[in-house]
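Work the whole structure out from these sequences, hints included.
Numbering (the UniProt record's numbering), first residue to last: 1 to 272.
If you are wondering where the hints come from, they were derived from the structure by calculation, not from laboratory data. No experiment lies behind these values; they were computed from the predicted model shown. C-beta: ideal position from N, C-alpha, C; glycine also. Worth double-checking, as some hints may not be accurate.
As the list claims (entries may be wrong) - Distance ranges between label pairs, derived from CB positions:
#1 204 x 271: 24 to 30 angstroms
#2 63 x 253: 37 to 43 angstroms
#3 177 x 271: 20 to 26 angstroms
#4 167 x 55: 19 to 25 angstroms
#5 61 x 177: 38 to 44 angstroms
#6 91 x 56: 16 to 22 angstroms
#7 177 x 73: 46 to 52 angstroms
#8 272 x 50: 39 to 45 angstroms
#9 137 x 61: 32 to 38 angstroms
#10 56 x 77: 34 to 40 angstroms
#11 54 x 272: 24 to 30 angstroms
#12 47 x 103: 16 to 22 angstroms
#13 60 x 124: 27 to 33 angstroms
#14 124 x 34: 37 to 43 angstroms
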Amino acid sequence: MSNQILWDCHMHSSFSADSDTPMEDMIQDAIRRGLHGVCFTEHLDPDYPPTPDNETFELDLSAYQENLFMLRDKYQSKLDVRFGIELGLQPHLEHSFKELLESVPFDFVIGSSHVVHGQDPYYREFFKGRKESECYMEYFESILENLAVFSEMDVYGHIDYVVRYGPNQNREYSYGRYQDILDEILRTIISKGCGIELNTGGFHYGLGEPNPCRAVIRRYRQLGGEIITIGADAHGPDKIAYAFDKAADILADCGFTYYTVFKDRKPEFIKL
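Okay, here's the thing in structure tokens:
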């Protein structure tokens, strides 16, 4: 296969609450895999609800920035290392996020929906006693609520994240079933000058599809969407660039001839 993706633009290290892998280990593995560049996108999820395992998504931003810049310099001849963040969007956080982005020199910003009206679908409680389709609709509606007040991110992350954790995952989910609201999300993202990501995490969750699924990516392109970044959502070295061969095929199949990376918040388009 000739198409190749050599940048992983969604990854986490021990600066994220849900990873215990040192950043340098992630960098060294990316070099071993022959990547040209990576972008760390550590989690920042303020006002994250209490969880059964007492997880909190706070970020020591100054330590993260200092460590990344040090390693970026150390490995600059072998790998392009960029400074990103994954913001856990909730409507009431818009002002604090806008202030953050004005003061910190990120290369790349992902805005993601993890918390929906006080609950993260990662935990079973979100689905308890409700139809799966109702839960999925609530998740998609929350994306529109976020976009109504905040669109300063570069891309919206894993748009159908909720499907990873549904009781039936994607056995009853399809673009067609949720077409109206997914189209509204895609049109809103495009109108606000944002992009989306192809997140291969769906493959390592056993969905057989990325997040969002192939049909949503195709629809994004049909609607005029141009900005699309690629990330494996790796929290450890074993998932870096996971299923990137499949991602390249999907991009080409959906009408893309390139993928996108960001530097200093500006998109760069790389030929497949």
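For each hint, the structure was consulted:
1. 204 x 271: 24 to 30 angstroms: The hint (24 to 30 angstroms, Cβ to Cβ) holds, given that residue 204 and residue 271 are roughly 26 angstroms apart.
2. 63 x 253: 37 to 43 angstroms: The hinted range 37 to 43 angstroms holds for residue 63 and residue 253, with Cβ atoms some 41 angstroms apart.
3. 177 x 271: 20 to 26 angstroms: Violated, at about 34 angstroms.
4. 167 x 55: 19 to 25 angstroms: holds (21 angstroms)
5. 61 x 177: 38 to 44 angstroms: holds (39 angstroms)
6. 91 x 56: 16 to 22 angstroms: holds (20 angstroms)
7. 177 x 73: 46 to 52 angstroms: holds (48 angstroms)
8. 272 x 50: 39 to 45 angstroms: holds (43 angstroms)
9. 137 x 61: 32 to 38 angstroms: holds (34 angstroms)
10. 56 x 77: 34 to 40 angstroms: Given a distance of about 37 angstroms, which is inside 34 to 40 angstroms, the answer is holds.
11. 54 x 272: 24 to 30 angstroms: violated (43 angstroms)
12. 47 x 103: 16 to 22 angstroms: holds (19 angstroms)
13. 60 x 124: 27 to 33 angstroms: At 30 angstroms between Cβs, range holds.
14. 124 x 34: 37 to 43 angstroms: With a Cβ separation near 39 angstroms, residue 124 and residue 34 satisfy 37 to 43 angstroms, so the hint holds.
The structure fails hints 3 and 11 (numbered hints given earlier, in ascending order).
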